[in-house]
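Asker: Listed here are the chains, written in short residue letters.
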Amino acid sequence: MADTAVLSVWMGRLTFLCLALVLVFLRLLPLDTLPPGWAGPDLLLAAVLVWTVRRPRLVPVALVAAVFLLTDLLFQRPPGLQAAAVVVATEMLRRRHARLRSGGFAQEWLAVSVAIAGVILAPRLALLVTLVPPAPLPLTLMQVLATMLAYPAVALVAQIIFGVARTARGTADSRRIGA
Amino acid sequence: MARDRQTGEDYVRPIRRLLVGLLLLGLVGTFVLWRIDSPRVERFRAEVTDRLVPRLDWMMAPVTGLVNMAMDFQSYQRIHEQNQELRRELQRMSAWREAALQLEQENAKLLDLNNVRLDPQLTYITGVVMADSGSPFRQSVLLNVGGRDGVLDGWPAMDGIGLVGRISGTGQSTSRVILLTDTSSRIPVTIQPSGQHAILAGDNTIYPPIDFLENPDLVRPGDRVVSSGDGGLFPPDLLVGTVTMGTDRRLRIRLAADYERLEFLRVLRSHEAEAITDPGKLIVPEPRELFGPPAPGLPADSAGLEAADG
Numbered sequence: 001m002a003d004t005a006v007l008s009v010w011m012g013r014l015t016f017l018c019l020a021l022v023l024v025f026l027r028l029l030p031l032d033t034l035p036p037g038w039a040g041p042d043l044l045l046a047a048v049l050v051w052t053v054r055r056p057r058l059v060p061v062a063l064v065a066a067v068f069l070l071t072d073l074l075f076q077r078p079p080g081l082q083a084a085a086v087v088v089a090t091e092m093l094r095r096r097h098a099r100l101r102s103g104g105f106a107q108e109w110l111a112v113s114v115a116i117a118g119v120i121l122a123p124r125l126a127l128l129v130t131l132v133p134p135a136p137l138p139l140t141l142m143q144v145l146a147t148m149l150a151y152p153a154v155a156l157v158a159q160i161i162f163g164v165a166r167t168a169r170g171t172a173d174s175r176r177i178g179a
Numbered sequence: 001m002a003r004d005r006q007t008g009e010d011y012v013r014p015i016r017r018l019l020v021g022l023l024l025l026g027l028v029g030t031f032v033l034w035r036i037d038s039p040r041v042e043r044f045r046a047e048v049t050d051r052l053v054p055r056l057d058w059m060m061a062p063v064t065g066l067v068n069m070a071m072d073f074q075s076y077q078r079i080h081e082q083n084q085e086l087r088r089e090l091q092r093m094s095a096w097r098e099a100a101l102q103l104e105q106e107n108a109k110l111l112d113l114n115n116v117r118l119d120p121q122l123t124y125i126t127g128v129v130m131a132d133s134g135s136p137f138r139q140s141v142l143l144n145v146g147g148r149d150g151v152l153d154g155w156p157a158m159d160g161i162g163l164v165g166r167i168s169g170t171g172q173s174t175s176r177v178i179l180l181t182d183t184s185s186r187i188p189v190t191i192q193p194s195g196q197h198a199i200l201a202g203d204n205t206i207y208p209p210i211d212f213l214e215n216p217d218l219v220r221p222g223d224r225v226v227s228s229g230d231g232g233l234f235p236p237d238l239l240v241g242t243v244t245m246g247t248d249r250r251l252r253i254r255l256a257a258d259y260e261r262l263e264f265l266r267v268l269r270s271h272e273a274e275a276i277t278d279p280g281k282l283i284v285p286e287p288r289e290l291f292g293p294p295a296p297g298l299p300a301d302s303a304g305l306e307a308a309d310g
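Chains as they are written, first to last, in this note's numbering: chain P, 1 to 179; chain B, 1 to 310.
Because the hints were derived from the structure by calculation, they are not lab data. For clarity, every value in this text was computed on a predicted model and none was experimentally measured. Quick reminder that beta carbons are idealized off the backbone N, C-alpha and C, glycines included. It is possible that part of the hints are untrue.
What the simulated footprint calls covered on chain B by chain P, stretch by stretch (three residues with Cβ under 8 angstroms from a Cβ of chain P suffice, anywhere in the stretch; the number is not a length) [said to hold, decoys possible]:
(1) 28 to 37
(2) 48 to 56
(3) 107 to 114
(4) 237 to 246
(5) 257 to 264
Residues on chain B that point at chain P, a partial pick, calculated with CB under 7 angstroms [stated by the list, open to error]:
(6) 17
(7) 101
(8) 102
(9) 103
(10) 125
(11) 126
(12) 129
(13) 185
(14) 204
(15) 233
Quick partial rundown of chain P residues pointing at chain B, CB under 10 angstroms, derived from the structure [said to hold, decoys possible]:
(16) 61
(17) 104
(18) 128
(19) 142
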């Protein structure tokens with residue numbers, strides 16, 4: 001019994017890691033080398049937040065840090081900065097995770113939206129303080145908005161394909177404490 | 001089992017908090033290190049990219065190909081029309097080609113007559129674009145040539161027609177090209193025919209603006225823009241594009257390179273420009289007539305003189 005539970009947790013972590021790598025891979029495809037006039041949602045960030053709110057055990061903090069440090073390095077961002085912001089945000093959501101679960105989806109969305117804004121805008125502030133020229137502000141704000149709007153869709157996909165549902169259902173769900 | 005975890009928490013929680021704190025410290029430390037000693041961390045970044053991205057290539061190439069094919073599907077519908085059009089164009093072009101060949105020969109003859117020595121050192125390596133920057137804020141692409149092929153930081157990259165960007169970050173088998181459209185890209189350019197010098201400053205749009213232009217009145221939309229070679233950054237006279245007037249009444253550059261489909265890029269081996277540092281001497285040293293290889297016993301300074309003479 002314990003063995004199968006542990007195994008399912010590790011399978012869930014592995015699934016999440018694979019999903020993260022696929023998202024990174026899709027963004028690296030050299031499809032569009034024109035500078036875009038708009039910025040799409042950061043799907044990886046939305047996915048991490050969905051998993052943190054609903055299945056915190058499947059996204060241990062070390063995994064989150066490793067994945068985002070890797071994306072920082074690959075996507076030409078200042079290394080470690082956004083990773084640190086994401087770790088702080090996921091830790092805060094993790095602590096509120098039981099309360100968020102008892103509330104409605106609107107409450108979850110609101111909390112996640114605040115986290116998204118923090119994760120994307122806090123590094124910008126740090127860059128201003130350390131005198132590094134940050135990315136254009138309109139694009140950044142667009143990305144914040146797009147990620148917030150994409151969150152319900154990502155949550156839906158996570159629920160349908162990966163079974164990351166809101167309501168407590170399976171064995172993995174009944175655990176209260178994040179790993 | 002549940003009880004187990006309950007009791008376990010009491011000491012697990014503070015430890016966990018400590019570990020998370022350490023992790024955060026490590027991440028912020030990485031950023032601080034990057035801010036202080038950027039080249040070292042950037043080398044690490046290039047190393048990571050170098051290890052990871054070529055391994056994804058077996059999957060990346062077919063997926064990119066498939067998506068591009070799907071995008072091209074609309075154009076297949078009018079392929080016949082296009083074919084006819086191309087054929088007509090080809091006929092016209094072959095006339096031009098004849099003229100160009102004749103001009104080339106004439107040019108070579110004139111250069112020979114005038115004893116002009118063009119820079120013979122511009123050779124190139126062609127690389128395939130493997131990945132882009134993956135972020136809407138950074139304009140760069142990853143090539144599959146790197147330190148193994150002798151690529152160095154700062155070399156210009158072109159597509160067949162115009163300048164695309166410069167190498168910034170090389171790994172063993174990959175190198176990153178910062179495109180001219182990136183916000184951190186600054187390239188010294190000359191605007192022909194007025195010969196005005198300016199800086200091409202990328203601003204994340206496809207029409208980058210011209211900065212530090214001395215006299216905008218001398219520049220008209222349609223003027224050719226070439227790299228100026230100032231600061232020894234690039235070899236001079238690489239085509240960049242033409243001047244246009246933006247909707248904000250600012251002079252901008254229409255880039256000659258086809259940014260829509262960057263597939264193969266040429267990396268020019270640009271050798272370090274020789275700078276003239278010596279202001280010149282008042283008393284000219286006696287010229288020595290020396291032919292053939294220098295004598296083995298010759299002191300170093302006269303060997304240098306000889307090189308300066310020749």
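Asker: Each hint needs a verdict: does it hold in this structure or not?
Answerer: Evaluation of the provided hints:
1. A count of 6 residues in the region 28 to 37 of chain B with a Cβ less than 8 angstroms from any Cβ of chain P is obtained; the coverage claim is therefore met, three being the minimum.
2. Given as covered by chain P, the region 48 to 56 of chain B passes the check, having 5 residues with a CB less than 8 angstroms from a CB of that chain where 3 are the minimum.
3. Three residues within the 8 angstroms Cβ limit are the bar, and the region 107 to 114 of chain B against chain P gives 0, so the coverage statement is violated.
4. Given a C-beta distance limit of less than 8 angstroms, the hint that chain P covers the region 237 to 246 of chain B is violated, as 0 residues qualify and 3 are needed.
5. Here the region 257 to 264 of chain B counts 4 residues with a CB under 8 angstroms from a CB of chain P, which clears the bar of 3, and the coverage holds.
6. For residue 17/B, the shortest C-beta to C-beta distance to chain P is roughly 9 angstroms, which exceeds 7 angstroms, and the interface hint is violated.
7. With a least beta-carbon distance of about 33 angstroms to chain P, the hint placing residue 101/B at the interface is violated under the 7 angstroms criterion.
8. For residue 102/B, the shortest C-beta to C-beta distance to chain P is roughly 37 angstroms, which exceeds 7 angstroms, and the interface hint is violated.
9. At a threshold of 7 angstroms, the smallest CB-CB gap from residue 103/B to chain P is about 33 angstroms, leaving the interface hint violated.
10. For residue 125/B, the shortest C-beta to C-beta distance to chain P is roughly 18 angstroms, which exceeds 7 angstroms, and the interface hint is violated.
11. The interface hint given for residue 126/B is broken, as the beta carbon of that residue sits about 16 angstroms from the closest beta carbon of chain P, more than 7 angstroms.
12. The beta carbon of residue 129/B is positioned within 7 angstroms of a beta carbon in chain P (closest approach about 5 angstroms), and the interface hint is therefore held.
13. Residue-level restraint check for residue 185/B is violated (minimum Cβ-Cβ distance to chain P is 11 angstroms; threshold 7 angstroms).
14. Contact between residue 204/B and chain P, as hinted, is supported at the beta carbon level, the nearest pair being about 5 angstroms apart and thus within 7 angstroms.
15. Annotation: interface hint on residue 233/B violated; nearest CB of chain P at approximately 20 angstroms, more than 7 angstroms.
16. The restraint placing residue 61/P at the interface with chain B holds, with a minimum CB-CB distance near 6 angstroms, inside the 10 angstroms limit.
17. Checking residue 104/P against chain B by beta carbon gives a least distance of about 27 angstroms; that is not within 10 angstroms, so the hint is violated.
18. Taken as an interface hint, residue 128/P does not check out: its beta carbon lies about 13 angstroms from the nearest beta carbon of chain B, beyond 10 angstroms.
19. Because the smallest distance between the Cβ of residue 142/P and any Cβ of chain B comes to about 8 angstroms, under 10 angstroms, the interface hint for this residue holds.
When held up to the earlier numbered hints, the structure conflicts with 3, 4, 6, 7, 8, 9, 10, 11, 13, 15, 17 and 18 and fits the remainder.
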